[in-house]
Amino acid sequence: MFVANLNRKYLQWSKQCKQRSRGMWTSTYGHKQDRRPDEILIRTRKGEVLPIPQAFRYSSNDWLRILMDIPTSETLGRIASIVISNMVWAAAVVLFHMHIYVIPTVTSTGPGLLKSALGYLLVFRTNAAYHRFWEGRKIWQNVVDSARKLTRYVLLFREELGNERAIHALQLVRAFCLSLKHHLAGSDKEEEDFLEEYLLTPEEVERLEKSRLSKPMFIVQLLEEVVMSANIKGIFRGEDRLRLINLARELGSAVAACERIVQTPIPLNYVRHTSRLITLWCLTLPVALVGEMEWLVVPVTAFVTWAFFSIQEIGLSIEEPFSSYLKLDVFCRTIFQDTEGAFAALGPPELDISSRPSALATTA
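With the numbering used here applied, the sequence shown corresponds to residues 1 to 364, in that order.
Worth flagging that the hints you see were computed from the coordinates, not collected in a lab.
Ideal Cβ placement from N, Cα and C applies to all residues, glycine included.
Derived SDA-like pairs (lysine to any residue); straight-line CA-CA distance at most 25 angstroms:
#1 Lys-210 with Ser-229
#2 Lys-138 with Asp-188
#3 Lys-210 with Glu-197
#4 Lys-327 with Arg-249
#5 Lys-149 with Phe-331
#6 Lys-149 with Glu-239
#7 Lys-138 with Glu-320
#8 Lys-138 with Arg-152
#9 Lys-115 with Leu-268
#10 Lys-327 with Ile-311
#11 Lys-115 with Met-293
#12 Lys-138 with Arg-249
#13 Lys-138 with Ala-257
#14 Lys-149 with Phe-218
#15 Lys-189 with Val-262
#16 Lys-210 with Asp-193
#17 Lys-210 with Glu-225
#18 Lys-149 with Leu-346
Derived DEER-like restraints, expressed as beta-carbon distance ranges:
#19 Asn-246 with Met-68: 50 to 60 angstroms
#20 Arg-260 with Leu-296: 47 to 57 angstroms
#21 Ala-344 with Trp-134: 29 to 39 angstroms
#22 Leu-114 with Ile-70: 22 to 32 angstroms
#23 Lys-210 with Arg-272: 36 to 46 angstroms
#24 Gln-263 with Gly-341: 28 to 38 angstroms
#25 Ile-70 with Leu-280: 18 to 28 angstroms
Model the full structure from these sequences, guided by the hints.
This is the structure:
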């Protein structure tokens, strides 16, 4: 209970300090805008707006700001109790060394024997987590690719499909990307209302409420039904309809691939062993260095604990990439932008684009 309260208070203080530091940084260094890691930006080059949206990125010129943001770091906030506990332990070791028993310096043995093994273990752990992050990124790229192919095919066969059916298919493509985002990262009330009010018909919303399928899989089923309802005529043949259905099924496969990442964590034995080894190594470090450093061992222990446990915490965070590290709004906005051109070619749908949720609205 004490540790939980400590973490909670630190996170609250961290947020307050971060808000103050943003204003102070902007006023002192004259930044044109307050950039945040969770922002979605429109790329620019020499004043020209580029069409590809992207998530926020740091540059080498941000080194000072990154360094000053250490006290307000979210990662530090999650491991604050561990760092403070190890500092208290290191201080107790110093007091024991100065007043009870003189502990000899053992830098050549003890923790020194395990530092290479510990480094390799953390590298393998982080690489495994990053592989899951990159796999999630590739899955969403496949979603964007399939959505673009569907959009092109709908435009190609718009006369054979009919204008109303083509617009309906494009609305379902948009609905799929939003529903998959909510399925993986949690619902957003504004976007949920937008999806049910503008992208799905009342009959489809009623069927969705009664269906046992997840929302993205249900929308894939609706998309297949729309394609199957098209008559084979003109240049639209049975193979073309099958190709469209296969593209819809690729979207369904993406849902299953994302669920595989969410439902399958890295083996717990591996995670537990890494945590135990780091903890024991950090606890024995003051014992090994106190004879040589005395009170300096307290800040050294804090720094080493922060360094190693931050690497572990980052690995644990990116292990499930859809929660925060993959900016799914970027992919959803890309699909929305791609379908806007198709809607312009088909004629204005019964959809107010300006009423889109703010997360998907274009910003300069």
